[in-house]
Amino acid sequence: MTASSEYAVETFNLTKKFKVVETLPGEEERSKLARFLFGESFRGRVRVRERVVLDRVNLKVKAGECLGLLGPNGAGKTTLLEILATALLPDDGIAKVMGYDVVRESGKVRRCITPVFPQFSVYDMWTARRNLEYAALLHDVPLGEVGRRVREALELVGLSERADDLVRKYSTGMRVRLILAMGLVVDNPVYLMDEPFTGIDPGTAKQLREFVRRELLEKRGRTVLLATNMLADAEELCDRVAIINEGRVVAVDTPANLKRKVQGVETVDLEVLTENAEALVDAVKGLDGVKACYLLRSVSNPPGVASLRVLTPDSRSLLPNLIEAIHKANGKVSYVKVHEPTLEDVFIHYTGRGLCE
Amino acid sequence: MSGLGEGIRYLGAGLRKFWYMMLTTAWSQLLFAYGAVLQLVEIVFGIASYFFLTKIFQGTSAVMESYGTDVVSFIVLGLAMNSILRHSLTGVYHALNHAYATRALERVLMSPTSVYMLVFSQMASGYLRAVFVSTLYLFAGVLFFGVSLGRGDAASVFAALALGTVATLGLGMLLSALFFHTSVGKVDPATILILATAVSNTFTGAVFPVEVLRYYAPWLYPFALSLPQTHAIFAARMALNGVSLADPAVAPSVAYLIAIAAVTIPIGYRVIRAGLDRVRREGYAPSVAVLVD
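Those protein sequences? They're chains A and B, same order as listed.
FYI, in my numbering the residues of the first sequence are 1 to 357.
FYI, in my numbering the residues of the second sequence are 1001 to 1293.
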C-alpha cells in the first residue's frame, strides 16, 4: 500500500506550535487557599503564550533508510514523530508517509506506520503474549496471522520463555524488548521509534541496536525514523542524521559527512582535579583559539574530578595556554587526549550546546 | 464463500479487539473484586435507611397509587434502573478520561482502530459493572426487604431501559465535550461527574415520583421531565406494572426517548470528533509541555 513517491517520509515546512500556560508571578502564593480547597490543579491567574515546537522542518527519507533525529530533550523530535504518526495535527506545512498526507489521509498513513513509543502503556497485569496480541489487533493484523507474528516477535527479541509471565514481573530491559516486539508484530513499512533504548544498560542497548540494524533494516528493508539523544544510536544505526535544535533542523547528512563538516577542529579531552568545574569552563572559554568548551557528564568521575572537552582549530598552540589557565583557576590537569571530532562535537558546532544541556 | 469467510474473520478480529479493550478496564475492577462484597453491604445499608424511613410515614401516599407498588420497592427498582442509566450519562466522559490518562487514546490514534471502539469497549465494561450493581440492588431488596418486582412483561421492561440507555448515552456524549475543554483532561472530572450523578439520582424519578415536584418545587418539574432518564424509568416502571409501552400513558415517554436519541447521538458524535481534533491540534501527551508550572 503506497501512493506514488520515491520517499517513505517527506515533510515540507512542517510547523507546530503549542500553547504554553504560565502561572503569573506571585500567583502561587496568592492562590494557596484555593489550591488547598480545589486541588493542586488550581493555578490562579495565568498567561498563555505560543511556543514554536517545530519550525519549518524539511526532511526527505528514502525507503529502507534509517534517519536519526538527534537533539536534546524538548528539541521537537517526539512532536515530529507524533505528527507523522497522525496523533498530532501540524499547524502549517505538509507531512507525507509513503506518499499519503498525514492530515487528509490519516487512515492510510496509519496502515503504513509502526509506532514504537516506549511511553505507551504496556498492561502490567497481562502477559507479554496478550500485550503483543492486542498490539497486533489494534493495527488490524489478520486474525489468522496474529499467533504466528506474536511467536516470531517473541523469538526475535528473546522473550519466548517468559511470554506467559505477567509483564509486571519484567525488568526494564525486558520491557524495552517487549515494546520493540510490539512494533515487530505490526511491522508496517515505516518504523517511528521514539528513544527506544532509553533506560537500559549499554550492553542490552547495543544488542538491540544490532538487532534493529540486522533485522529491520538489512533483512526486512524497513524505513526507520529514530528520535534519540544518544550518540551511540545515531553513530551505529543511522544512515543519516538530522540535528534538531529548538524545533529546527540545523543539519542533515551521514554521520561521517557531518564530522567532516567540522574538520579543521580538534577535540581536546581533559580530566582536571578541581573543586569548581564551572569556574574552570569560564576561564577556558575566554582563551584565544577556543571555539567551545563544556563539561562532559561522566558518572564514573569521583568527586573533585571534572571531565572537560575543548574544541580548537589548533591543539598544539592552545595546550600550553590551556594548562596554564586551568592552573590559574585552581585546577590540576591529570589527563589529556586529543582526537578527531565526534558527533557530539558536530552537535555543539551547530547548536552551541551539548546534548545533555 | 471466501467473501463470507473473510467477513467472519474480520468480525472475529474486531470482537477479540473489543474484548481486549474491555479487559483493559475490567482488569482493574476484577483486581478489586472484594469491592463487590463491600458494595453489597453498602447497598443493604442504603436500602435499610429508606426502609426504616418509610416505616415512620407508613409508606403510602396518593401519588404512589398510580405506580401500583410500595415505597421501598419503588426506591429499590428506581436505584437499580438508575445505576445503568447513570453509566450512560457519565460513561463516555469516564472512558475518554481513562483512555487519556493511560495513554491508550494516543496509542489508538496512531492505529487504524477507531477511537469510538475504544470508548465503547470501555463503556461496555462499565455497563457490565452497572448491571452487576443493579442485580445487587434487586438481590438485596428481594432477599432482605421483601421488594416486589411487579407482574409486567420483562421484555417491555428491558426495551424501555435499552431505549433509555441509548437516549441517555446521547446526552452523555454531549457531556463528554467538557472533557475536551477542561485543559484537555488535566482536571479531575470528579466535580462535573458528581453534579451529573446528583442530578441523575435526584430528579429522574429514581427515588421519588417526579410528580411530587409539581407541589413542592414546580419550577423543577419541567427540568425533570426534560431528562431522558425520567421517561426511561417511568416507562420501565409502567411496564413492570403490566402496562404496554404502546399505552397512551407511556407512549409519549417512549416517543420522547426516541426523539432525544435521534437528536443527541449525531450531535454527540460530532462533538467527540471535534474534541478529538482539538486534542490532536493542541497536543495532549505528557511528553509535550502544554502546561508549564
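Honestly, the hints are just simulated from the structure, not real lab data.
Using N, Cα and C, we set each Cβ at its ideal position, and we do this for glycine too.
Don't take each hint at face value.
Covered stretches of chain B, as calculated for chain A (at least 3 residues, CB under 8 angstroms) [stated by the list, open to error]:
id : stretch
1  : 1110-1117
2  : 1122-1128
3  : 1234-1248
4  : 1251-1261
Partner residues aside, some chain B positions facing chain A, computed with beta carbon under 10 angstroms [claimed, not checked]:
id : residue
5  : Arg1009
6  : Tyr1010
7  : Gly1012
8  : Tyr1020
9  : Leu1023
10 : Thr1024
11 : Val1212
12 : Gly1283
Hints versus structure:
1. 1110-1117: With 4 residues closer than 8 angstroms to chain A, the stretch 1110-1117 of chain B meets the three-residue bar; holds.
2. 1122-1128: It is violated: at least three residues are needed, and the stretch 1122-1128 of chain B offers just 0 whose Cβ sits closer than 8 angstroms to chain A.
3. 1234-1248: It is violated, with 0 qualifying residues against the three required.
4. 1251-1261: Answer violated; 0 residues pass the 8 angstroms Cβ test.
5. Arg1009: holds, 5 angstroms
6. Tyr1010: holds, 8 angstroms
7. Gly1012: holds, 5 angstroms
8. Tyr1020: Given a least distance of 5 angstroms, the restraint on Tyr1020 (chain B) holds.
9. Leu1023: Because about 8 angstroms separates Leu1023 (chain B) from the closest Cβ in chain A, which is inside the 10 angstroms limit, the hint holds.
10. Thr1024: holds, 6 angstroms
11. Val1212: Cβ of Val1212 (chain B) sits 34 angstroms from chain A, so the hint is violated.
12. Gly1283: At 5 angstroms from the nearest chain A Cβ, Gly1283 (chain B) passes the 10 angstroms test, so the hint holds.
Hints 2, 3, 4 and 11 from the list above are not met by this structure, while the remaining hints are.
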